Every structure is written in C-alpha cells, then in structure tokens.
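Undergrad: Below, each chain spelled out in residue letters.
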Amino acid sequence: MRFKLKKTYMEDIKLFPDKIDMAWYGLLLIILSIFPLVAGHYWIYNLTLSGIYCIVALGLNILTGFTGQISLGHAAFFAIGAYSVGYLTTTLGWSYWIALPLAGISAAASGLVVAVPALRLSGLYLAIATMGFGFIMEQVIVQWKSVTGGANGLLINRPSISSWSLSSDGAYYYLVIVMVAVFVLLTKNLTRSPAGRAFVAVRDSEVAAQTMGIPLARVKVQAFAISAFYTGIAGGLFAPLINFIGPDNFTIAESINFIVMIIVGGLGSIHGSIFGAVFITLLSEFIRVSKDFIPAFLREQVGFQTAVYGLVLMQFILFEPMGIYGRWLKLKYLFQVFPLYRKDTFRRVRRFQRSERTR
Amino acid sequence: MALLEIQGVYKQFGGLKALAGVGLEVEQGRAHAVIGPNGAGKSTLFNCINCIYRADRGTIRFKGKDITGLAPHKMPRIGIARTFQNVELFRNATVLNNILLGRYLHKRTNLVSEALFLPSVKKQELEARRKVEEIMDLLDLQAYRERMVAQLPFGIQKSVELARALALEPELLLLDEPSSGLNPEEKQDLCFWIEDIKEELGITILLVEHDMRVVTEVAERTTALDFGSVIADGTTEEVQRHPDVIRAFLGEED
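Read top to bottom, the protein sequences are chains A and B. Number 1556 marks the last residue of the first sequence (my numbering); no jumps. Number 256 marks the last residue of the second sequence (my numbering); no jumps.
FYI, nobody ran anything at the bench for these hints, they're computed from the structure. It cannot be assumed that every hint is accurate.
[Unchecked claim] So the derived label-pair ranges between C-beta atoms look like this:
| no. | chain 1 | residue 1 | chain 2 | residue 2 | range |
| --- | --- | --- | --- | --- | --- |
| 1 | B | LYS67 | A | VAL1344 | 45 to 55 Å |
| 2 | A | LEU1508 | B | ALA73 | 41 to 51 Å |
| 3 | A | GLY1320 | B | ASN88 | 21 to 31 Å |
| 4 | B | ASN88 | A | LEU1321 | 19 to 29 Å |
[Claimed, not checked] Computed footprint of chain A on chain B, listed as stretches where at least three residues anywhere in the stretch have a Cβ under 8 Å from a Cβ of chain A:
| no. | stretch |
| --- | --- |
| 5 | 77–84 |
| 6 | 98–105 |
| 7 | 114–123 |
[As the list claims (entries may be wrong)] Below, computed lysine-lysine pairings styled on DSSO-like, alpha-carbon distance capped at 30 Å:
| no. | chain 1 | residue 1 | chain 2 | residue 2 |
| --- | --- | --- | --- | --- |
| 8 | B | LYS124 | A | LYS1201 |
| 9 | A | LYS1203 | B | LYS76 |
| 10 | A | LYS1385 | B | LYS109 |
| 11 | A | LYS1203 | B | LYS125 |
| 12 | B | LYS200 | B | LYS109 |
| 13 | A | LYS1201 | A | LYS1211 |
| 14 | B | LYS76 | B | LYS125 |
Since the structure is predicted, the reported quantities are computational estimates derived from the model, not experimental observations. Note that beta-carbon positions come from the ideal geometry of N, C-alpha and C, so glycine has one too.
Looking at chain A on its own, in the form it has when it is part of the complex (with noise of 0.2 Å):
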C-alpha cells in the first residue's frame, strides 16, 4: 500500500507526482530508445507511425475529449500538415525545419476558419459540419494539382540535420519520438493551467464557464486552432515517412480513425491519448497479419477492418467508457491498495459516455 502526504501546494503543480512515478518514465524512455537497436524495421516502423497518431490523438483529445467539440474532419488538418510539407519540401526546395512548423501554422489558420462558423453548432451539428470541412479537403486535393499533384500524389524525403540524415527508420523514429515527448509536455501543461481549465469548464457547463468570466467563443475557437496545430505537425511528420501522399491518405475513415484512437484510449486525458494511438495502429497491424487465419468469406469482405473497428469502439463504449485508460487506472488501484481491495470496488457501474443524449 502506497500513501501519499502532501507537504506543498507545489507537489499539486509537478510533472511527475514523486520518484517512483519519475523512475516509470526513465524507464519507459530507455526502452523507447533503445527499442530500434534489438527490433526490426517493421516494428521501428509501426511504432514511429503509432508516434505521430499520438500527436494527433492528443490534438484532437484537447477538442473533443477536454473542450467537448467533436470534429469528423481532422483528417484535412492532417492533409494540410502533410501538403504543407511535401509542397514547401519537394516543389520549393525549402528545409524541412521551416517546412515542418509551417505545417502547423497552417493546420492552426485553417483551424481558425472552421471554428468560427462551427462557434455556433454543438454535437451531431457540428460533427456534421467538420466532417464536411472534411470532404471539401478531399475535393480539393484531388482538384489542386499545381499543389497537390491531385491522384497522382506527392513524393516527400526525409529531412536530414546538417549531414546527418534522417531517411533510416531508426534515425525518423528518434525524430517523432522527440516530437511526442515534447507534445506530451506540451499538453501537460495546457492541462496543469488556466487554459486547460478553461477548456474542462467550456465542455461540462458553458453557462457556468460564462459566470467565472471565460469567453466561450475565444477558448472554443483556442480549442480548434491548437488541436488543428497538433494534427497539422503530426501531418508534417507523417509525409516524410510514408515517402508519398495521395487523396486515399486523409479520407473520412481516417477521421473517424481518429475519433476511435480517443474514444478507446481516454477521452479526455493524456496518457488515454498515447493508449488509443498506440492500440489502434497495433490493432491495424493485428488485423492485416491475423488475416491469413480468418476464413476467406469473411477477410474478403469490403471494410472488415473498419467492421472490427466498430466492434472495439462499441465494446469500450459499452463496458469501459473511460477507455483503456480507465482499465489503467483501475490496475494502477488495484496495486496500490494491495491486498485490501474488495470484490465490488471494480464492479461495473452503468454509467454513459457524456454526450448528448445525457444533455
């Protein structure tokens, strides 16, 4: 059994609670980096993939999961970062690192747009709209060629740092690996200040979020623009991995990829943001290889991939809503009071995801 006694309004405000926690994060950033020495390409490749969808899920968990905006069309925030790049990179010859930033910049402007028509709507509404912001950067994809290079798509290569290039799995895996961390602290912050705040008040009470002072416009349209930057730099980061961007990378079901990766992991909370990314990449990958055992009426089937998909959001919406962070939180219990919990204290209480049919 572990207690905690709290000396300073300080041990409130720090990163990691105490030493224990501390030594975990040691830990895991030792197996992290050396995990590309001993693993194989593919893995170094799966898990720089499952890096960037943690950018996004952490983007896209400020919105929805802290601020309560849903959004179906963060895959064009992701298309706008991934363009940005491959045009800034490929057709103006500029550096990755001014590119990279810039991809952000203009997911975030792009974002700005959106939030300001989309002030107005709530839930279903305003799923429905962005997810038409969504189809609209579809189109525009296909039908931008001077930029886009339309069906035919972008070649992006990966960036180097002086002479040291980065075009080996190993060397782009340490690249996002950084990016993660320092978005994971980023947010870390956001969350341990006023803005965050602000946003948890804007999602569980607009009308109490207005009496302590919080204008409801500006943090929604903060919400939007911050998210859309995470989504766009998470965009920058994925075109020099895949090499070659086209319109099929950033359709609706990547979207709704996203929202699954929160759902799943946690909404509203970071490490359930990290949870969701990691499992649903992992998931795709399970699904891909576990395919040669499946029966062939059923893996020849359109959209098996999205069915199982489907069945694991329902599953988590159903038995666990605070998604696998919630188990998480559970386990971590478990350990602590060890051996004085009591049957009952994991017994599943009906309770339903924050939506609007509890509005």
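Got chain A; can you put chain B on it based on the hints?
TA: Chain B only, in chain A's frame:
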C-alpha cells in the same frame, strides 16, 4: 450612491410579463434579499442583472455605470459574481479545480506562456492555490479537495459553488436561493458564512430566498416582488409585516 441601481426594468416572454417595471437599490456592504411567491419574477430579475437575459426596458447600473445588455462573461470582470439555484458546477472536475476556475479571471498569462509553463505561470498557479485554500478554509471544504464534484452531496456542491463565486473576488454577489435543498444545519452554516462574507470580505450580497428564517437572519433590507412588480421595499422586518406581502404569500383573509 447605491452599488446596484435597478430602474424600471421590464421583461416579457411572449404574452407573459415576467418583470413589469421593477426598481430597487442595493447599498454597498449590505445583504439585500428579494422575496416573493413562485413566478414573481425573482429569477428573471437575477438573470437580467447578470445579463443572461436582456431587459426589454429600464436600466441596471452598477457603481453608477450602465451594465444593461453586456455580454454575460463580462460580468465577473466588472465585479458581479453569482450562484445558481440548481448548482451549475463543472461536474467532471475536482472541487479544487472548480474553485481554481474562479481564478481564471485574475490570470495574467497568455496561452503560449501557459503551454510552455513558464515560471510566471507557475508563480501565478501557486498564488491562485493559496487564495483558493483561504476560501476553502472559510467554507470548510478542505476534506473534499480532491473529490469529483459529481459524487458530492448537494449541500457540499452548493458550498463549492459559493466558494467558486468567492474566488472571483467580486464586489457584488448574487445568490439564487442559496438555502434550497439544504438541511437545517447546512442552512445555519450558510447564514454564518453569508455574515462572514459580508463582514470580513466586504462583499455586498443580493439574494433570492424562500426560507424566511434565513432572510430574517442575514438580510438587512428586503424587497418583495409579486407578478413582476415591487410590492414592498424596506428593512426586513417592515417588509415581513407589510400587509401586501402577507397577502401575496398567504392569500386573502375573508
């Protein structure tokens, strides 16, 4: 000059005249009660003062400045805080975070410095926390600091809401039925707290209240409303003995 002056405020919802020319004045440093039977227009008046509704006619002046029709989120900045009859809290946040949100108004840092958590943000957080702890001490909320609001009993939720309003450091505090849903002990506590808020923090209080015992105990002045207009205004004792008020509450004797 009165802190809050309301003159000839009208508010109509379709065919229903909720307020028909209400006027009242709240003096600095007083506790002022608004009473009246159900549907008298008390909550509408509150929402008009708070600019959640826009008054059809009439003016509301705070510290001599016309505040009619401002955006609701500007209210705390000019010094008006409020609580709700059926608590409006951030249900999925801890008590601590709820009250800390009351300090949002007093933040001086911007989004970028918060994302980087610069030392200035850290200092501000610690300051806010100190202030919040003071308020928690006043309202006896220390035991619930880390608890989720949604799991707390109604009485405690009401205290949290009061604490959150106090964290704004307002000059005028609007309490919408602060004692509804409380048990007798909690009501007694509430009376003490209102007294403390008035005496020690120097905050003027305007409250809508049904419980006459609470009104007699805390309010120096009372305004009685019925059918959207003022039927009596004066010291609490005067108003309680006023024949129109008795008629409005208890009905005609025949």
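Undergrad: Starting from A/LYS1203, check that the Cα of B/LYS125 is at most 30 Å away, please.
TA: The hint holds at about 18 Å.
Undergrad: Holds or violated: B/LYS76 with B/LYS125, Cα cutoff 30 Å?
TA: 25 Å, holds
Undergrad: Is the hinted pair A/LYS1385 and B/LYS109 satisfied, with a Cα-Cα distance of at most 30 Å?
TA: 18 Å, holds
Undergrad: How about the stretch 77–84 of chain B: do at least three of its residues have a C-beta closer than 8 Å to a C-beta of chain A?
TA: holds (count 5)
Undergrad: For the pair we were handed, B/LYS124 and A/LYS1201, check the Cα-Cα distance against 30 Å.
TA: Since the Cα atoms of B/LYS124 and A/LYS1201 sit roughly 22 Å apart, the hinted pair holds (cutoff 30 Å).
Undergrad: Can the suggested window of 45 to 55 Å be confirmed for the beta-carbon pair B/LYS67 and A/VAL1344?
TA: Holds, since B/LYS67 and A/VAL1344 (Cβ atoms, about 53 Å apart) stay within the stated range.
Undergrad: Honestly, do B/ASN88 and A/LEU1321 meet the 19 to 29 Å range at C-beta?
TA: 26 Å, holds
Undergrad: Tell me if the straight-line CA distance from A/LYS1203 to B/LYS76 falls inside 30 Å.
TA: It is violated: about 36 Å lies between the C-alpha atoms, which goes past 30 Å.
Undergrad: If you check the beta carbons of A/GLY1320 and B/ASN88, does the distance land in 21 to 31 Å?
TA: With Cβ atoms ~22 Å apart, the hint holds.
Undergrad: Falls inside 41 to 51 Å, the C-beta gap from A/LEU1508 to B/ALA73?
TA: 46 Å, holds
Undergrad: For the pair we were handed, A/LYS1201 and A/LYS1211, check the Cα-Cα distance against 30 Å.
TA: 14 Å, holds
Undergrad: Confirm or reject the coverage of the stretch 114–123 of chain B by chain A under the rule of 3 or more residues with a beta carbon closer than 8 Å to the chain's beta carbons.
TA: holds (count 5)
The structure fails hint 9 only (numbered hints given earlier).
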